[in-house]
Amino acid sequence: MTNRYNRHIILSEIGQAGQDKLSNAKVLVIGAGGLGCPVLQYLAAAGIGTLGIIDFDVVDISNLQRQVLFGTSSLGKNKAEAAKKRLEDLNPEISFIAYAEKLTYQNALELFNNYEIIVDGSDNFETRYLVNDACIITNKPLVFGAIYKFEGQVSVFNYQNGPSYRCLFPNPPQKDAVPNCSEIGVLGVLPGIIGSMQANEALKIILGIGHVLSGNLFCYNALTSQTSTLKISKSEEQIENVLKEKHHFNKRQLNLDCEIQTDEISIKDALFKDNIQFIDVREAHEQPKVESLEIINIPLKQLENNLEKIDLSKEKMIFCQSGIRSKQAVSLLKDLEISNCYSIKEGALEILSFINKRHCDRVTTEAIRSK
Amino acid sequence: MMITIKYFGLIAEVTSQTEETIDFSGRFISELLDTLYFKYPDLKNKDFQVAQNQELVSKSTEIIGQELALLPPFSGG
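Protein chains in written order, with the working numbering: chain Z, 1 to 371; chain U, 1001 to 1077.
Just chain U, with the same shape it has in the complex:
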């Protein structure tokens, strides 16, 4: 299944892009994250939440959508 992943803030810096589409056959978001951790080892130390189809979900959620987003907290003001 082709999945588009959007990256925000610090996460986009780790992945060096704001968006990518990958072919993924796993079932859960956590499995997809493992793939990403392998591809981007620095991602492991970052805090972020995951959104699926524009809705924030837990990392143990099953992948049902074609669009995910990795969202870190911002503190600047």
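With the rest of the complex left out, here is chain Z:
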């Protein structure tokens, strides 16, 4: 028998029976960032049998100030993979599954069904509400942690019929109302404290000891060392609303604020791509015509009735006079489950002048080369 868990086993509250519970547990950690790193580190050290790690992001040097699983050798590597590599050295006796992908409405339910507890260490409201709703639908307890500059919040949602995140904050705040860490900064040790508390909540749930922080929001201020624990009431209505929409869950789209990949694209980037189809959603009479590109014209109002003209094997670059109708077209096509559609930011006039300028530049470059 291994001595690895001796300090757990000699605690009467845990013992071999408790350690066996940890060995049989399956926990999924969303995000291997500031919160995810300490969560993963302590859960792996504690001997959680299966640890899932999902993160699409790569390690950047600015992460090393707080994301303690990574070193300079991890720079540029996927966070889930890099965390797994470090954790396998910490504890080779347990299983790690790294998902180097984004958590979406399409993959969340299936993923959550493979685990018993979900720990949220994500860094944006969109993902937090997605995680909350998916936990309600799959009936999994959610260990919540979130930080802002020098302050942190911890709670456990959806645990034994307790309240959910929506019972506390029913809807995401308006876009840009709350800036994220990359915009405003965060004290490096703060996610260490909050993430460690999340790991503690996960262990209490698995071991069935102590009081789980369900129905309470723990607030911590690292500058004043003040703590508050605020009671949260359950809102049946909020939870029912999520359950009512569960059949539409996987049709919803994640709309991340700070995402690099958006539905919008500049004409410059659009022209860099291969295998594309340009769609002009203006009315036939609108000027100027963009004729130097191979384009199909389907006015926005007729788009839905002309879907057969859209080449599903290509990336669709949609434009209009100013960039507004093209956005509506992308959202319409998305609702119709037609993927790979982009709205070109520029309007027809700018697109045309960009193409003409590019053409002139090419001619000039070739003229210089031939000299």
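Keep in mind the hints are simulated off the structure, nothing from the lab.
Heads up, the beta-carbon is just placed ideally off N, CA and C, and yes, glycines get one too.
Among the hints, a few may not be true.
[What the hints assert, rightly or not] Quick list of the computed label-pair ranges, beta carbon to beta carbon:
#1 Z/Ala284 / U/Tyr1040: 49 to 59 Å
#2 U/Thr1035 / Z/Leu312: 56 to 66 Å
#3 U/Ile1022 / Z/Gly49: 52 to 62 Å
#4 Z/Leu336 / U/Thr1035: 43 to 53 Å
#5 U/Tyr1040 / Z/Asn171: 19 to 29 Å
#6 Z/Gly49 / U/Lys1039: 49 to 59 Å
#7 Z/Arg4 / U/Thr1035: 53 to 63 Å
#8 U/Lys1039 / Z/Ser233: 21 to 31 Å
#9 Z/Thr227 / U/Glu1062: 19 to 29 Å
Since the structure of chain Z is provided, determine the placement of chain U on it from the hints.
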């Protein structure tokens, strides 16, 4: 009645303090919020929940406690 209000996160930045005590004679939390909106106009655009005596309550609740807290959501991780 003297009421102590605690401010968290972004809200503490709007009010430039983490706590203050004010003399208030109104009845409902919403009335107190109107006073605060007047004092801190930027507060109006912020999302937050209110806790009274360490319990989150709706903004239409009657003030019964001497301690309130204005709590915004955090998303960072």
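Here is how each hint holds up against the structure:
1. Z/Ala284 / U/Tyr1040: 49 to 59 Å: holds, 53 Å
2. U/Thr1035 / Z/Leu312: 56 to 66 Å: Given about 58 Å between the Cβ atoms, the range holds.
3. U/Ile1022 / Z/Gly49: 52 to 62 Å: Holds, since isoleucine 1022 of chain U and glycine 49 of chain Z (Cβ atoms, about 53 Å apart) stay within the stated range.
4. Z/Leu336 / U/Thr1035: 43 to 53 Å: holds, 50 Å
5. U/Tyr1040 / Z/Asn171: 19 to 29 Å: Because 23 Å falls inside the window, the suggested range holds.
6. Z/Gly49 / U/Lys1039: 49 to 59 Å: holds, 54 Å
7. Z/Arg4 / U/Thr1035: 53 to 63 Å: holds, 58 Å
8. U/Lys1039 / Z/Ser233: 21 to 31 Å: Given about 29 Å between the Cβ atoms, the range holds.
9. Z/Thr227 / U/Glu1062: 19 to 29 Å: holds, 27 Å
In this structure, every one of the numbered hints holds.
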